[in-house]
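Sequences and hints are given; from them, build the entire structure.
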Amino acid sequence: GAVVSQHPSWVICKSGTSVKIECRSLDFQATTMFWYRQFPKQSLMLMATSNEGSKATYEQGVEKDKFLINHASLTLSTLTVTSAHPEDSSFYICSARRQGARGYTFGSGTRLTVV
Amino acid sequence: KNQVEQSPQSLIILEGKNCTLQCNYTVSPFSNLRWYKQDTGRGPVSLTIMTFSENTKSNGRYTATLDADTKQSSLHITASQLSDSASYICVVSAKYKLSFGAGTTVTVRA
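Sequences listed follow chains G and F, in order.
Heads up, the first sequence is in the numbering used here, so the first residue is 3 and it goes up one at a time.
Heads up, the second sequence is in the numbering used here, so the first residue is 13 and it goes up one at a time.
Some hints here could point you the wrong way.
[Unchecked claim] Calculated cross-link-like contacts (lysine-lysine; reagent style BS3-like; alpha-carbon spacing at most 25 Å):
#1 107(F) to 16(G)
#2 69(F) to 29(F)
#3 66(G) to 22(G)
#4 109(F) to 68(G)
#5 69(F) to 107(F)
#6 83(F) to 107(F)
#7 57(G) to 22(G)
#8 109(F) to 83(F)
#9 109(F) to 69(F)
#10 57(G) to 109(F)
#11 83(F) to 66(G)
#12 57(G) to 107(F)
#13 43(G) to 57(G)
#14 16(G) to 66(G)
#15 16(G) to 68(G)
These are computed hints drawn from the structure, not numbers from a lab.
This is the structure:
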């Protein structure tokens, strides 16, 4: 149980375009999901906390107009990177916590390359 | 300064050998500590989770220890296999905020 599916696993896009990444909890309802960014050989950095039915909470330094987060249902959160630039190239990972559970389940990650 | 420090940054071991990874933290208040395994290009997968009262927890060949007094944890890998090659991340939780270590990259060679 507690499976989180993230799609796509990798994407290449041109500068200036937007990319949407989906994060789904397959077998549980997740009122809260988290979006992380990871650069090579570095730890995960929390970008934002996504709450179902309300606005996401962004970490300091993360542009909310650039990284749009939508959590319209209890099983789906999306991260849209708008007007992507090469410096946005990174590994993006989502996670979710089943209500009442101690652990967090991570998605398999999305490798974004902006050319 | 990162509140979760892991050492070593990387290590190479021969297949079949054991190794121990370290995690020191300053996160407070402490809720729980988790070890994750992250394969290259994949999301982290949970290995163990320990609360304040738990000193050790095993998951197959992985054994984690926790000393909440000294704020130290270790992850011991027994009889390493090639598939153990990955990054191992220590994550400390304070209520609902997670603090991530930078990870230890383990390379197992035949």
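Hint check:
1. At most 25 Å may separate the alpha-carbon atoms for a hinted pair to count; residue 107(F) and residue 16(G) exceed this at roughly 40 Å.
2. As the CA atoms of residue 69(F) and residue 29(F) are separated by approximately 20 Å, the hinted pair is consistent with the 25 Å bound.
3. At roughly 14 Å between alpha-carbon atoms, residue 66(G) and residue 22(G) fall within 25 Å of each other, so this suggested pair holds.
4. A C-alpha spacing of about 23 Å is found between residue 109(F) and residue 68(G), which places the hinted pair at or below 25 Å, so the restraint holds.
5. With a C-alpha separation of about 21 Å, the suggested pairing of residue 69(F) with residue 107(F) holds against the 25 Å cut-off.
6. Proposed proximity of residue 83(F) and residue 107(F) is supported: the alpha carbons are some 16 Å apart, at most 25 Å.
7. A hinted pair counts as satisfied when its Cα atoms are at most 25 Å apart, and residue 57(G) with residue 22(G) qualifies at roughly 17 Å.
8. This hinted pair checks out: residue 109(F) and residue 83(F) have alpha carbons roughly 17 Å apart, not beyond 25 Å.
9. At roughly 22 Å between alpha-carbon atoms, residue 109(F) and residue 69(F) fall within 25 Å of each other, so this suggested pair holds.
10. A hinted pair counts as satisfied when its Cα atoms are at most 25 Å apart, and residue 57(G) with residue 109(F) qualifies at roughly 18 Å.
11. For the suggested pair residue 83(F) and residue 66(G), the alpha carbons sit about 35 Å apart, so the restraint of at most 25 Å is broken.
12. Proposed proximity of residue 57(G) and residue 107(F) is supported: the alpha carbons are some 21 Å apart, at most 25 Å.
13. Pair hint residue 43(G) plus residue 57(G) does not hold up; C-alpha atoms about 31 Å apart against a cutoff of 25 Å.
14. About 21 Å separates the Cα atoms of residue 16(G) and residue 66(G), which keeps this hinted pair within 25 Å; it holds.
15. A C-alpha spacing of about 15 Å is found between residue 16(G) and residue 68(G), which places the hinted pair at or below 25 Å, so the restraint holds.
Figure legend: structure checked against the earlier numbered hints; hints not met, in rising order: 1, 11, 13.
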